[in-house]
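S.K.: Using the sequences and the accompanying hints, generate a full structural model.
Given next are the chains, with one letter for each unit.
There are 2 protein chains.
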Amino acid sequence: MTKAVEFYFDVGSPAAYLAWTQLPKLCVDTGAELVYKPILLGGVFKETGNSPPISVPAKGKWMLADLARFATFYGVPLNFNPHFPINTLFLMRAAAALVTAEPERFEAFLTAVFTAIWVDKKDMGDPQVTAEVLAEAGFDPQTLVELTQQDTTKEALIKLTAEAVQRGVFGAPTCFVGDEMFFGQDRMDFIQRALQ
Amino acid sequence: MTKAVEFYFDVGSPAAYLAWTQLPKLCVDTGAELVYKPILLGGVFKETGNSPPISVPAKGKWMLADLARFATFYGVPLNFNPHFPINTLFLMRAAAALVTAEPERFEAFLTAVFTAIWVDKKDMGDPQVTAEVLAEAGFDPQTLVELTQQDTTKEALIKLTAEAVQRGVFGAPTCFVGDEMFFGQDRMDFIQRALQ
Numbered sequence: 001m002t003k004a005v006e007f008y009f010d011v012g013s014p015a016a017y018l019a020w021t022q023l024p025k026l027c028v029d030t031g032a033e034l035v036y037k038p039i040l041l042g043g044v045f046k047e048t049g050n051s052p053p054i055s056v057p058a059k060g061k062w063m064l065a066d067l068a069r070f071a072t073f074y075g076v077p078l079n080f081n082p083h084f085p086i087n088t089l090f091l092m093r094a095a096a097a098l099v100t101a102e103p104e105r106f107e108a109f110l111t112a113v114f115t116a117i118w119v120d121k122k123d124m125g126d127p128q129v130t131a132e133v134l135a136e137a138g139f140d141p142q143t144l145v146e147l148t149q150q151d152t153t154k155e156a157l158i159k160l161t162a163e164a165v166q167r168g169v170f171g172a173p174t175c176f177v178g179d180e181m182f183f184g185q186d187r188m189d190f191i192q193r194a195l196q
Numbered sequence: 197m198t199k200a201v202e203f204y205f206d207v208g209s210p211a212a213y214l215a216w217t218q219l220p221k222l223c224v225d226t227g228a229e230l231v232y233k234p235i236l237l238g239g240v241f242k243e244t245g246n247s248p249p250i251s252v253p254a255k256g257k258w259m260l261a262d263l264a265r266f267a268t269f270y271g272v273p274l275n276f277n278p279h280f281p282i283n284t285l286f287l288m289r290a291a292a293a294l295v296t297a298e299p300e301r302f303e304a305f306l307t308a309v310f311t312a313i314w315v316d317k318k319d320m321g322d323p324q325v326t327a328e329v330l331a332e333a334g335f336d337p338q339t340l341v342e343l344t345q346q347d348t349t350k351e352a353l354i355k356l357t358a359e360a361v362q363r364g365v366f367g368a369p370t371c372f373v374g375d376e377m378f379f380g381q382d383r384m385d386f387i388q389r390a391l392q
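Chains as they are written, first to last, in the numbering used here: chain D, 1 to 196; chain R, 197 to 392.
Honestly, the hints are just simulated from the structure, not real lab data.
Here are the in silico distance ranges between beta carbons for each label pair:
id, chain 1, residue 1, chain 2, residue 2, range
1, D, Val35, R, Gly271, 27 to 35 Å
2, R, Phe302, D, Ala137, 54 to 62 Å
3, D, Phe80, R, Val325, 46 to 54 Å
4, D, Arg193, R, Thr348, 46 to 54 Å
5, R, Gly374, D, Arg105, 43 to 51 Å
Just so you know, these numbers come straight off a predicted model, no measurement behind them. All C-beta atoms in this analysis are idealised placements derived from N, C-alpha and C, irrespective of residue type, glycine included.
M.R.: Now the structure itself:
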């Protein structure tokens with residue numbers, strides 16, 4: 001049986017971005033499959049009664065410092081996005097569609113989107129900016145727009161988000177190794193140990 | 197200049213207990229002084245608008261599993277207290293008084309209290325139970341009761357709690373190495389690196 005890490009994420013979360021910078025290598029190192037699970041974080045918050053860390057000012061301030069510390073530790077760039085919080089509904093619908101429709105291009109899609117938001121500080125809530133970024137990465141923006149307007153796409157994201165909540169997810173990123181749940185980008189060492 | 201870890205804690209927090217199981221050794225290993233800063237976590241929540249993780253059921257459930265995982269990793273006992281949340285006002289007032297009045301017995305006090313709550317699952321909100329635990333540890337309960345009723349003691353805890361909030365604390369445990377803040381019992385490795 002292949003070991004797997006199921007990765008529930010929303011591209012609007014800087015912590016999810018940091019986890020994503022680490023998980024592919026961690027999975028290669030441990031021989032595990034990385035299973036992408038796009039969700040809408042706003043939907044998770046609504047369903048669970050949770051709220052973003054930034055809703056408590058002192059917590060939000062600390063979180064920024066903590067994420068910066070981890071980025072330095074991981075040796076990856078992180079530039080906090082001035083347009084935060086970004087409405088990621090289009091991006092996460094596109095992700096929910098592509099993850100099954102074009103799994104071979106999914107990593108390219110994620111790289112383009114995560115980099116645009118958390119390195120290049122682009123306003124990925126703006127359709128024009130998003131279209132440019134996606135075209136640059138080799139995707140046809142109009143095709144993606146049409147894809148996200150299909151009911152099956154909308155339902156796919158709703159289903160993935162409901163599945164996450166049903167499994168106990170209350171924030172992002174959340175990873176599962178079997179039934180073991182790991183919340184946060186700061187549990188990479190525990191995920192690694194669970195896979196070994 | 198001596199390096200120091202300032203440790204803001206409330207004995208009612210299982211995460212603070214776990215941090216306390218690690219910090220003395222970490223400080224010995226790095227040649228740092230451990231500076232105890234008793235606070236009333238309820239006061240911090242009130243001042244910052246934060247709420248305990250358990251107020252979001254899915255988060256509370258995960259937190260218990262996560263703390264158990266860390267206890268196993270650290271190799272220390274942790275038995276979740278059935279009387280949680282415990283009213284720690286008496287205990288934290290006693291801590292705020294003892295930390296300056298009897299620093300040489302402070303570690304013995306903390307050991308007795310943390311062990312009673314997070315290993316022996318005692319109801320340390322009950323004055324009778326608390327008196328027995330403290331007497332067993334060599335403290336005269338009546339002397340401590342009188343100490344906690346003094347205005348200077350009450351003010352000491354209020355002052356420490358306000359100092360914590362003023363420095364950015366929004367939960368427990370929170371450690372400082374100089375101006376660098378580390379929230380959570382899961383930042384021991386970063387604290388160690390900050391001291392090296």
